[in-house]
Structure formats: structure tokens, C-alpha cells
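Construct all of the structure, not just a fragment, from the sequences and the given hints.
Protein chains: 2
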Amino acid sequence: MNDTKIGHDQGPCPIGRAGSLLGERWVLLILRDAMLGLRRFDEFRGHLGIADNILAGRLRRMVEAGLLVKTPYQDGNRIREEYRLTEAGADLAPVLRALADWGHRHTGGAEEAAPMRAVHVDCGGDLRPDNQCTRCGAKVGREEEAWIRPWHSPAPVRLAAPTAAAARRESATGATVVGSG
Amino acid sequence: MNDTKIGHDQGPCPIGRAGSLLGERWVLLILRDAMLGLRRFDEFRGHLGIADNILAGRLRRMVEAGLLVKTPYQDGNRIREEYRLTEAGADLAPVLRALADWGHRHTGGAEEAAPMRAVHVDCGGDLRPDNQCTRCGAKVGREEEAWIRPWHSPAPVRLAAPTAAAARRESATGATVVGSG
Numbered sequence: 001m002n003d004t005k006i007g008h009d010q011g012p013c014p015i016g017r018a019g020s021l022l023g024e025r026w027v028l029l030i031l032r033d034a035m036l037g038l039r040r041f042d043e044f045r046g047h048l049g050i051a052d053n054i055l056a057g058r059l060r061r062m063v064e065a066g067l068l069v070k071t072p073y074q075d076g077n078r079i080r081e082e083y084r085l086t087e088a089g090a091d092l093a094p095v096l097r098a099l100a101d102w103g104h105r106h107t108g109g110a111e112e113a114a115p116m117r118a119v120h121v122d123c124g125g126d127l128r129p130d131n132q133c134t135r136c137g138a139k140v141g142r143e144e145e146a147w148i149r150p151w152h153s154p155a156p157v158r159l160a161a162p163t164a165a166a167a168r169r170e171s172a173t174g175a176t177v178v179g180s181g
Numbered sequence: 001m002n003d004t005k006i007g008h009d010q011g012p013c014p015i016g017r018a019g020s021l022l023g024e025r026w027v028l029l030i031l032r033d034a035m036l037g038l039r040r041f042d043e044f045r046g047h048l049g050i051a052d053n054i055l056a057g058r059l060r061r062m063v064e065a066g067l068l069v070k071t072p073y074q075d076g077n078r079i080r081e082e083y084r085l086t087e088a089g090a091d092l093a094p095v096l097r098a099l100a101d102w103g104h105r106h107t108g109g110a111e112e113a114a115p116m117r118a119v120h121v122d123c124g125g126d127l128r129p130d131n132q133c134t135r136c137g138a139k140v141g142r143e144e145e146a147w148i149r150p151w152h153s154p155a156p157v158r159l160a161a162p163t164a165a166a167a168r169r170e171s172a173t174g175a176t177v178v179g180s181g
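Chains as they are written, first to last, in our numbering: chain A, 1 to 181; chain B, 1 to 181.
One or more of the hints may lead you astray.
As the list claims (entries may be wrong) - Partner residues aside, some chain A positions facing chain B, computed with beta carbon under 7 Å:
#: 1; residue: Leu29
#: 2; residue: Leu96
#: 3; residue: His106
#: 4; residue: Cys123
Unchecked claim - Derived lysine to any residue pairs resembling SDA-like cross-links, with alpha carbons at most 20 Å apart:
#: 5; chain 1: A; residue 1: Lys139; chain 2: B; residue 2: Asn131
#: 6; chain 1: B; residue 1: Lys139; chain 2: A; residue 2: Asp130
#: 7; chain 1: B; residue 1: Lys139; chain 2: A; residue 2: Asp101
#: 8; chain 1: A; residue 1: Lys139; chain 2: B; residue 2: Asp130
#: 9; chain 1: A; residue 1: Lys139; chain 2: A; residue 2: Pro154
#: 10; chain 1: B; residue 1: Lys139; chain 2: B; residue 2: Pro150
Claimed, not checked - Here are some, though not all, of the chain B residues that point toward chain A, as calculated from beta-carbon distances under 10 Å:
#: 11; residue: Gly11
#: 12; residue: Cys13
#: 13; residue: Pro14
#: 14; residue: Gly19
#: 15; residue: Gly23
#: 16; residue: Trp26
#: 17; residue: Leu31
#: 18; residue: Arg32
#: 19; residue: Ala98
#: 20; residue: Leu99
#: 21; residue: Val119
#: 22; residue: Asp130
#: 23; residue: Asn131
Hints in this document: simulated from the structure, not taken from any laboratory.
Each residue gets a CB set at the ideal place from its N, CA and C atoms; glycine is no exception.
Given below as C-alpha cells:
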């Protein structure tokens, strides 16, 4: 994500630590796509229009950071690998929703689009920021949360379930803490 | 933030647009510091331990993007400039809070610290993600919101008020939209 080895990676501020993992545009877009069910290298590449080497580098760093895990799958005669969200990766849904709200209010797209909505799969109600359903009042877990992105399709897309495999988390090495966080 | 000119800057997805403005670690840290009242080049430099040229570049991009505005102030005999949050910049508080929550849960600091809290200045109650106060029940505006970062100080710090000056917003130029957002 950032080649600088001097960082806030291990500092006391959780915004600093989160930012050192997530503060990269492609990482945010790959997370968004993974949240919406994409798993394979070719899917990410096709959807994002990203160069192979950049995508490979970002995916590797995201696996190292514990946001994604590589899982084998059968592709004809070959065994290939796909990328599944970890619990930590899936828990970023509220961050992406906050970004979507802000982006809708404060940035202009090529076409004016209706906002992204987070909805309760069961009843179709919109979710508040704390995931309470505005229609039925239920406290909605991630497994019952879907996003509607009207510029893409009117159909709600369920959030991808995180992999059950234990997230392998490697902390960044050699990081030096600077600043007071 | 990102030197690639091919981007999602103008695409229909608000996460893509927000990510192209915010997807850079230093930008997130500068925003955090601005939110907590820092305004001057030397303050950001001292707090972040960032090189002059990198800080200058990030601040310039953040002004161009409409997150900060430059405002003159008197420094002895000299007129210098400080950086104030715009409305759009100040509206990023929920994004930073979501990052802080996630960072606290999923990343480890050098020392185990208590989480960052967003509180209601009037009564000291914690704020829910939708900014309702858990103590007095009030719907709390940004002007009554403070953050407590216990690793730094037990004292709540009020969020900086955005500048009243109209945010000058220049859209990124020369951006080509790729991907379907």
C-alpha cells in the first residue's frame, strides 16, 4: 500500500493503524468488490480495469494484512486460487458505507445517481448506520445486509460471507513509530 | 494522492469517487489531525513526522479536492496561511470514526489502548454511529461532538468547526473513467 517503512502501523491511534492498511485507492475498491461477491483475479481485473501487476501486488498485501485469504478452487483441470474476505475484511462494511454516504453528498459523478442503499434482506427496509432496520426495527447482522447500487442494478446484492478459515494475520515488520498518533 | 490518471474519479460509484480523494494514508491522518484542531503546516509536520515535500503535496491536493481551504493569518510581521476544514472535510468525521472502530477491533497497537470514543460535549454520553447520545438521547450535531483518545489524553477534544468560507471545489481534470464502478 505504502512503500514508506516509517509509519503509524503500530502506533496507538486506531485511525492511523487502519489508514496504513486501507489508505490506498485500489485497496478500497477491491474491498468493495469483494464485499459484493467478487473473488477471482480475472473478476477484479475485469471490473476494476486495473493492471495485472498492480492488482497482484494489492491482493498480496491484502492477504498479508489479513483482509483476504487465498482459497483453492477447481478450474477445469487446474487448481487455482480465489480471494475470500476474512472476518476483519468483512467488518469493513461500515467504513465503505460511510465512504459511500460522504461520496454521494460531496463528490459528483459523471451522471447524477441515486445514493447507494444498505437494506435488510428480509423486509427490504433501509438500514441506519448502527444497522437497525428502519422498517421492521430489527438489529440486522451482516448476513442479512444487502446493498443496492441503483446506477448498477436495482437488485439488492447480499454482502459476501467471510470465510470460515481463521484469518492469518501478519503484522507489518520493520515499522518504526513516529508521531504521537 | 495517486499518480495514476486513469481512475474512478468521475464514475457513478460514490465509494470509488470517495476512495480516489481519500485513499491515501497521509490524507487520512491529516484529516484526523485537522478534525482535532490542527491547522498549521508546522503543527501537521510536528505531529505526523512527515517530510516537508510530502506534506506540502498532500495539503495542496486536499485544497484542490475541496477538503481544506487555505486561510491567511498573522504570524508576527508576516502573513502566513493555515489550513481549515471545509464542510466536506468536516463531514468525514463518520468515516474516521468507522475507521477507528475497525482499527481498534482488528489491528494491534504497540500498546493495548482503550478505544477512541465519540461523546456528547453537553452530557459526556457516548454517541451511537447515527450520533444519537446514549446518555441523554439527543441527536448530536458536529458542533457538540468531541473525541476522547485515551492513549493521548483523557480530555475530550471538540471537533474543529469547518470554515464558513465557501468550499472551493475543483474536480480532478483529465481523469478517464474505467471499470463499471
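Practice problem: For the pair we were handed, B/Lys139 and A/Asp130, check the Cα-Cα distance against 20 Å. | Solution: Within the cut-off at roughly 14 Å; holds.
Practice problem: Given the hint that A/Lys139 pairs with A/Pro154, test it: the Cα-Cα distance must not exceed 20 Å. | Solution: violated, 24 Å
Quiz item: Against chain A, with CB atoms and a cut of 10 Å, does the hint on B/Gly11 hold up?
Solution: holds, 6 Å
Quiz item: Is the straight-line distance between the alpha-carbon of B/Lys139 and that of A/Asp101 20 Å or less?
Solution: With a Cα-Cα distance of about 18 Å, the restraint between B/Lys139 and A/Asp101 holds, given a limit of 20 Å.
Self-check item: B/Pro14 as an interface hint toward chain A, with CB separation required under 10 Å
Solution: Hint holds; B/Pro14 Cβ to chain A Cβ min 3 Å, cut 10 Å.
Quiz prompt | B/Asn131 as an interface hint toward chain A, with CB separation required under 10 Å | solution = The hint holds - B/Asn131 has a Cβ within 10 Å of chain A, the shortest such distance being about 8 Å.
Quiz prompt | Per-residue hint verdict: B/Gly19, partner chain A, C-beta under 10 Å | solution = holds, 4 Å
Quiz item: Does A/Cys123 meet its interface restraint, that is, does its C-beta lie within less than 7 Å of any C-beta in chain B?
Solution: Since the shortest Cβ distance to chain B is 19 Å, the answer is violated.
Quiz item: Would the pair A/Lys139 and B/Asn131 pass a check requiring their Cα atoms to be no farther apart than 20 Å?
Solution: Given that 20 Å is the threshold and the Cα spacing comes to 17 Å, the pair holds.
Quiz prompt | Cut-off 10 Å, beta-carbon criterion: hint that B/Arg32 touches chain A | solution = holds, 5 Å
Exercise. Would you settle whether the hint for A/His106 is holds or violated, based on the nearest Cβ-Cβ distance to chain B being less than 7 Å?
Key: Constraint on A/His106 satisfied, holds at 4 Å.
Quiz prompt | When the least beta-carbon distance from B/Val119 to chain A is tested against 10 Å, hint result | solution = Since the shortest Cβ distance to chain A is 16 Å, the answer is violated.
Hint check: violations occur at hints 4, 9, 10 and 21; the rest are consistent with the structure.
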